[in-house]
Each structure stands twice: as structure tokens, then as C-alpha cells.
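A.B. asks: Sequence:
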Amino acid sequence: MQQPENNRNFILAIVLSMLVLIGWQVFYAGPRIEEEQRRREQLEASQKQPGAVGESSATTAQGTPTSTAPVEPAKSRAEALATSPRITIDTPALSGTIALKGGRIDDLVLRKYQETTDKTSPNVTLLSPSGTEGAFYAEFGWTSPTPGTKLPGPETIWTAEGQTTLSPSTPVTLAWDNGEGLIFRRSLTVDENYMFTVRDEVRNTGAAAVSLIPYGLVSRHGEPHVAGYYVLHEGFIGIFDSTLHEYKYTNIADDGKSCGEACQREAFTSTGGWLGITDKYWAAAVIPNQERPYHARFTRFGLPETSYQADYALDAITIAPGATEDVEARLFAGAKEVRLVDGYEDKLGIARFNKLIDWGWFHFLTRPLFYVIDWIYKLVGNFGLAILGVTVLVKLLFFPLANKSYAAMSKMKLLQPEMQKIQERFKDDRMKQQQAIMELYKKEKVSPLSGCLPIIVQIPVFFALYKVLFITIEMRHAPFFGWIKDLSAPDPTTIFNLFGLIPWQPPHILMLGIWPLIMGVSMWLQMKLNPPPPDPVQARIFAWMPVIFTFMLGSFPAGLVIYWAWNNTLSILQQSYIMSRHGVQIKLWDNLKDDIGWIWRRGSSEKNKA
8 MQQPENNRNF ILAIVLSMLV LIGWQVFYAG PRIEEEQRRR EQLEASQKQP
58 GAVGESSATT AQGTPTSTAP VEPAKSRAEA LATSPRITID TPALSGTIAL
108 KGGRIDDLVL RKYQETTDKT SPNVTLLSPS GTEGAFYAEF GWTSPTPGTK
158 LPGPETIWTA EGQTTLSPST PVTLAWDNGE GLIFRRSLTV DENYMFTVRD
208 EVRNTGAAAV SLIPYGLVSR HGEPHVAGYY VLHEGFIGIF DSTLHEYKYT
258 NIADDGKSCG EACQREAFTS TGGWLGITDK YWAAAVIPNQ ERPYHARFTR
308 FGLPETSYQA DYALDAITIA PGATEDVEAR LFAGAKEVRL VDGYEDKLGI
358 ARFNKLIDWG WFHFLTRPLF YVIDWIYKLV GNFGLAILGV TVLVKLLFFP
408 LANKSYAAMS KMKLLQPEMQ KIQERFKDDR MKQQQAIMEL YKKEKVSPLS
458 GCLPIIVQIP VFFALYKVLF ITIEMRHAPF FGWIKDLSAP DPTTIFNLFG
508 LIPWQPPHIL MLGIWPLIMG VSMWLQMKLN PPPPDPVQAR IFAWMPVIFT
558 FMLGSFPAGL VIYWAWNNTL SILQQSYIMS RHGVQIKLWD NLKDDIGWIW
608 RRGSSEKNKA
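Numbering (the numbering used here), first residue to last: 8 to 617.
Quick caveat, the hints were computed from the structure, so don't treat them as lab data.
Some hints could be false.
To be verified - Straight-line Cα separation of at most 30 Å, DSSO-like style, residue types lysine-lysine; simulated pairs:
#1 K492 with K126
#2 K450 with K411
#3 K119 with K385
#4 K287 with K354
#5 K418 with K449
#6 K449 with K434
#7 K354 with K450
Generate coordinates for the entire structure from the input sequences, incorporating the hints supplied.
C.D. replies: Set out below in C-alpha cells:
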């Protein structure tokens, strides 16, 4: 009686697994994708809606300015930019401005990236000034442990000396005199991509020494939009003493308090490293001098508007009368391009800067896989073709292992007549039937699990490719051919509106595109090459697996579905060749007729019962 119990457990495990996966798609992944689509459609309008509040400056005991938030009339982006005189930022990768009021870098647009695949869609806006919805900006400056020291703050109007456009070839210098013996100068440079260098200098023309604390911060107002996936980190990020620290926005909570003051949750002391706020594809990070100790914090501020701040403060610097002191820092604000981020780590000596990209726990697979795909892309010029190419390379890598597995399955196929005889001989005793089949396996030195080996081998590659498609900006909006305009997004077609012929947008669960269908057919063909499990119940469950996986993968990135379909196709060719070498007949059409016949008989049986 053990076999029926095993069947029940097997079926229960399959059903529960499918319920979890399908439930995740219906109640979590699906709504997230629909929410993202709605957000993109409303992007331009939302930028004009009422949003953030103003701020005043306060100073914590650590020395870094923090934001309180009195309510002010909402401003559009254009209105907020007009509240300050500005200098222009003009690089191949960035356009924007720096506010002379406060000296903030608070207006950046990414020239190489658009909101959608539509060529007329607006470019991605990364940084926005305070007073707009989703304000996001960087700030550098000085505080003092001595009360009453007059220092530049959010309301300070700096003066541009000389150049008024910041470009890779033209640095700019800002100046401000406090009128009490301290002259502040800020020199800014930028490379051709996303790295700013900020050199703050203070000259003491007074009669007494002055102690000042250099700081840098990234601040974000409002509740940021996040993709919300478990496999992706969005929020606070930093490297302190060579250790990665990541905190989601929800990890820095106020425990239900009003939080008019800062609700500090995480603080660090380090030498070297960096800190900031990261999105899926973009980030803003401040980078202190890598040889000087500093104190860093991830902080949430409370009502009336939530805001988040990643900041650092160096130890106090004493400036003697007649002396000049300076400190240099950097700001990364832009797209997390893999080779660019790696290059900053190597060339600028920024500790573990490559961790800005969320490669995940299996980075030893995801990073090399990306570099192989990127290398092939540079040869063929299409990331979809690069995915097909890397699939071939993976197949070649595991070719001996797969051959051994397919050879074992071919031997099992030849044993089918013997297995059918055993089933007829012991048709009334399942226990003896199973024992006899296992003895046959042992005698012929084959394993019923041999068919699982190719699938087990490809699972790590599958998940690594999923991670690469999901987190690397290089895959964002990368087209394949035909209707696939973005390999990192699901196939936009669906059979339930005849692939666009019917003017109806089905719900997420019914988004079953052409490539998922191709993948499902290829999976079914591959399974039909394998000998069926000896138990008929398990055999019928496995027969339905291609259908279940077709619906499940309908909402996965198109690049992943294309990979799986191509991988199945290569497996079919490889397995068919090995089976023919072992003298095994390939009866795909007969297997199809058997499945259709079984479904027909089941339907007739249920109808007769009714």
C-alpha cells in the first residue's frame, strides 16, 4: 500500500508547488508589472502634480545637516528650478544644472536613456530639486562644532567664478565669503559619464583658528517607487570597512512615531568605501576621501513628508589664521553600467564599487555570465543573439554530462517493452510491480532519474540569466527581432486577443505570448523524447508540466523565455541524435496521439459518470 501513498505525496507536492508559483505570479508579480505600466503611462503628468515640501537646515550632533519639512506650496519641476540661479551641466551622458542657491547638484537628466522603448518618450530624470515630487539631490559642505559659526547652507547664494557651464573639459568654481574671515570655494569637475569630483576649500583670513567638519549627503523626498522584487535591492547601500550594507526603505522605519526629528536607524564608522541610494538601474552615491576616517548614516525623516538621507561626515579640520584647508569627495549619479562601474573601482580606487550593482548571492555565476553575453554582443550586435550564443556555449560546456544522461534515457526507452510486461504480470500488485521494475533498472544499470540531470544542470544558468536580465541596465530596452523590443520585459503579445488582432487587453494572467508558446511546445517535444515514468499517475502529471510552465513563464522576461526555448531545441537535437545512435525509435507523433487519446477517454469517462 506504499505506492498509493507515494503517489498522493507526489501529487500534493506538485500541486502545492504550482499553487505557490502561480499565486506569486497572480498576486505579486502581475500587479507589480501592471503598476509599473501605469506608472510609465502617467509619468509626464505625475511630474507636474503637487508633491514635495520645502525644508530648513538643522545640524545633528554628528555634524551633518538634516532636513526638517515645513509644508510649502507645491512646485512643478520648472518652478523649482527657477527658484535659484544655476550653472549648466553638459556632458555626453548628462544634462542638467547646479543650483547656486545652496550649491546643490539637484538637476540631472540621463541623455542615453529614455523612459520607454518609444523613441519619442522623455529621457530619464535622475535628480530633481527640493520642492518637486520625488526630490532627489546631492549636497556637500561644512558644519562646525562651534555654535554661531557662519557657514554656507541651503539658502546661501554662491557666485560662479569664470565658467558657467560644467563639462568634461571645463571645470567650474563657486565662491562665497561669510564676511567674518572665512572664504569658501568649491571646484567641480565631471567626466564624460557620471562621476563628479567636488573639492571644497576654506581660507581663514581671521585672527582665530576655526574647526570645521566636511560632509556629503544624498537626500530623497517622498516614498520612492520601487520594483518591489525579492531578487532586487533598492534603497540604502554602502561599503563600510570593505563590508556591503544594504537597507530597504522599509528597514529604516519610525516605529509609528511622528519623527519630526531624524529617526536614525543605522550608523557606521569607516575608512574608505562609499554610500548612497540605489534604484534598479540608477544610483546616486557620495564617495568620501578613501584614506580618511568618516562617520556615515542611513536616516529616515518623518512627517509631514517622509524623506531619506545617506550622509557622511569627516573628523573636524582645524584651520589656523592665514591657512587654507581643502577636502575632496566624489559623487556618482547615473546609470549603473557594468563596465563603467567596474572601471571606477579600478581607476579611482573606490573600495568595492562594483557592489553598486546587485549581482546577488550567486555573483560568481551572474557576473561571468553577463561578461560572456556582453562579449558575444560586441561581436553580433544584438543581445538576443548573444543569449542564443551563450546557450550554445553552456551546452558545449556540459556536453559530456548531457550525453551520458541522454544515453541512459535511451537505454530506458529500449526497456519499455520489458517494463510493460512487468506491469501486465503484476497489474494487481503495485508493490511487486515497482520492485520488479527497480530490479530491471539495477540489472541494466540505468537510473530513472537520469532524465532530470540536464534540467538540474540548467537551473543555475537559468536563474543566473534571470538575474542578469533583471538587474543589468545593458539589457534594459535591448531589442531582439520582430515584436520583442525589450528583452528584459515579458513578451507583449497574447493568444487571447489573437496577438493583437482583437482590440482587447487581457488581464495579466492571460498574457500568453508567442515566445512562451514556442517554449511550451519545445518543452513538450523534449519531454516526449524521454521514457515516461513507470507510474501512470506521475506520467500524466508530467504530461501537463509544459502547459503549466507555459503559463508561468508568460510574464517572465522575453530574453529568459527565448533562452529556455532555444535550450530545449538544442536538447531535442542532441537527444534525438544520441537516441538514433542507440537504435531507439523516435515516436513523437505516436506519443501525441496517446496523450490526445488519454484526454479523450478521460473526458468521455467523466461525461458518462455525469
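A.B. asks: Each hint should be assessed against the structure and marked as holding or not.
C.D. replies: Results of checking the hints against the structure:
1. K492 with K126: holds (11 Å)
2. K450 with K411: Judged against 30 Å, a Cα distance of about 18 Å means the pair holds.
3. K119 with K385: Given pair K119, K385 holds - Cα atoms ~18 Å apart, limit 30 Å.
4. K287 with K354: holds (24 Å)
5. K418 with K449: holds (12 Å)
6. K449 with K434: holds (21 Å)
7. K354 with K450: violated (62 Å)
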